[in-house]
Amino acid sequence: MAPYYIKSKRGKNLLVNKGHLYCRHSKKKTSVYWVCIRKPECITRCTTTEESLRILKEGGHGHAPDPEAIAARSAVEAIKDAGVQAPERAPVHIIDQQMHRLSDGVVAKLPLRPAMKRAVNRARSSRLPANPKSIRDLRDLPPEFRNTLSGDLFVVYDSYGEQDGSDDEDDVEDTIIVFATKENLKKLGRSSSWFTDGTFMVCPSLFTQLFTIHGLVEDVALPLVYALLPNKAETSHTKVLEAIKNKADELQINFPEPETVVSDFEVAIINSVKSIFPNATIPLCFFHLGNVQGAGLQAAYSDPDNRELKDGVHMLLSLAFVPVEDLPTAFDELREVLVDDLLDIADTFEKTYIQLKPKPGSDYRGDMNSSIFSTYYRKKVIQNVQEQSVFFMDNASYRKFQISSQRMFYVAMGKSYF
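Here the UniProt record's numbering is used: position 347 in the sequence shown is 347, and no number is missing along the way.
Hints should not be assumed to be uniformly reliable.
[What the hints assert, rightly or not] Here are the simulated DSS-like pairs of lysine-lysine, each with C-alpha atoms no more than 27 Å apart in a straight line:
#1 K247 with K274
#2 K39 with K27
#3 K28 with K12
#4 K28 with K7
#5 K274 with K187
#6 K109 with K39
#7 K57 with K12
#8 K186 with K245
#9 K29 with K7
#10 K18 with K7
#11 K274 with K310
Keep in mind that the hints were calculated from the coordinates and are not lab data.
None of these values were measured; they are calculated from a predicted model.
My request is simple: use the sequences and hints to build the entire structure.
See the structure below:
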């Protein structure tokens, strides 16, 4: 086989010849001098022409050739290139796909999986500009960040980038960026039910929250709109709804008012929906808010660093998706893991919705109160689902089941109950 190049970890050429690998040492006129990559164990040199890569001279090695190790290096480079070409794919999936094409001998020479995942992420990062340090760095987003990989529109609203040269401090601090494709807006317009949520854990540091809107596509809730918000204010959520509505009008998309908008119990979101879509039904339960305030836990509940208490409240509310006959068992299991501060609230919850004593002739504690509370029985929320059941999907990974009402809006149909 003729000599050829492969890339080093730093992107420099390495010479491959007869199963041996060389790194570049020096150059003189038209000749390039290479030394065995195993130096100082092996200091064998090789001389080539620069243009045609013809071997002029090569010494003998004190070790056997290792074509599997060379193939492994090439495979890692292929994995990195695939990761750059398909940034939406998880590194682990790319690694698996490439490994299936390799022999056992080559696989044995590959780095460990965590190292290959880091290599993919570094390769991707090297092709991207530096992370912005302030909102002002977002003034002129390049086209590749305003459009999808296929060139379609993705940024539908940018409150800072669309200003006419203004650099007012309030405008900078209140920057809102909304992402959606034309096709996603069409899907949202065809969905009679919307599901909204705000998350903070995966939000970029320059913003306060990532606000998402899901719509039903063939009875599956899919994320269709993403918005980076500077705060949790009502005005910010209102601007998002206005922005997608205006963009739909601009693109001549049929965008009727949704029949139902499910929210995560945030007053700001609720008021925004009411102002933009006054006829939409907002199925909500303020049970948890009133009881949290009454128990003197409002500060702890609002503390973003205190997830344990908030998650406990959300898990209580997630019982709304459990069939009535299973509520007592699910509640008992949940009560075992609640923090002590929530036990009084849990007792009130049980008395209000589940009942303490079995009804005569009944094997479970649930009665009409449970049916009223249970979203399982609410036609508006499970519209067009009928006998299908529900599971929760986490926004960060889109795969993990979560028993949390903060995640209850990522509903996909046709799976088993959590």
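Each hint, compared with the structure:
1. K247 with K274: holds, 19 Å
2. K39 with K27: Holds, at roughly 18 Å.
3. K28 with K12: Given pair K28, K12 holds - Cα atoms ~18 Å apart, limit 27 Å.
4. K28 with K7: holds, 22 Å
5. K274 with K187: Roughly 21 Å between the alpha carbons, so the hint for K274 and K187 holds.
6. K109 with K39: holds, 19 Å
7. K57 with K12: holds, 22 Å
8. K186 with K245: Status holds; Cα separation ~11 Å.
9. K29 with K7: Holds, because 23 Å separates the two Cα atoms, which is no more than 27 Å.
10. K18 with K7: holds, 17 Å
11. K274 with K310: holds, 25 Å
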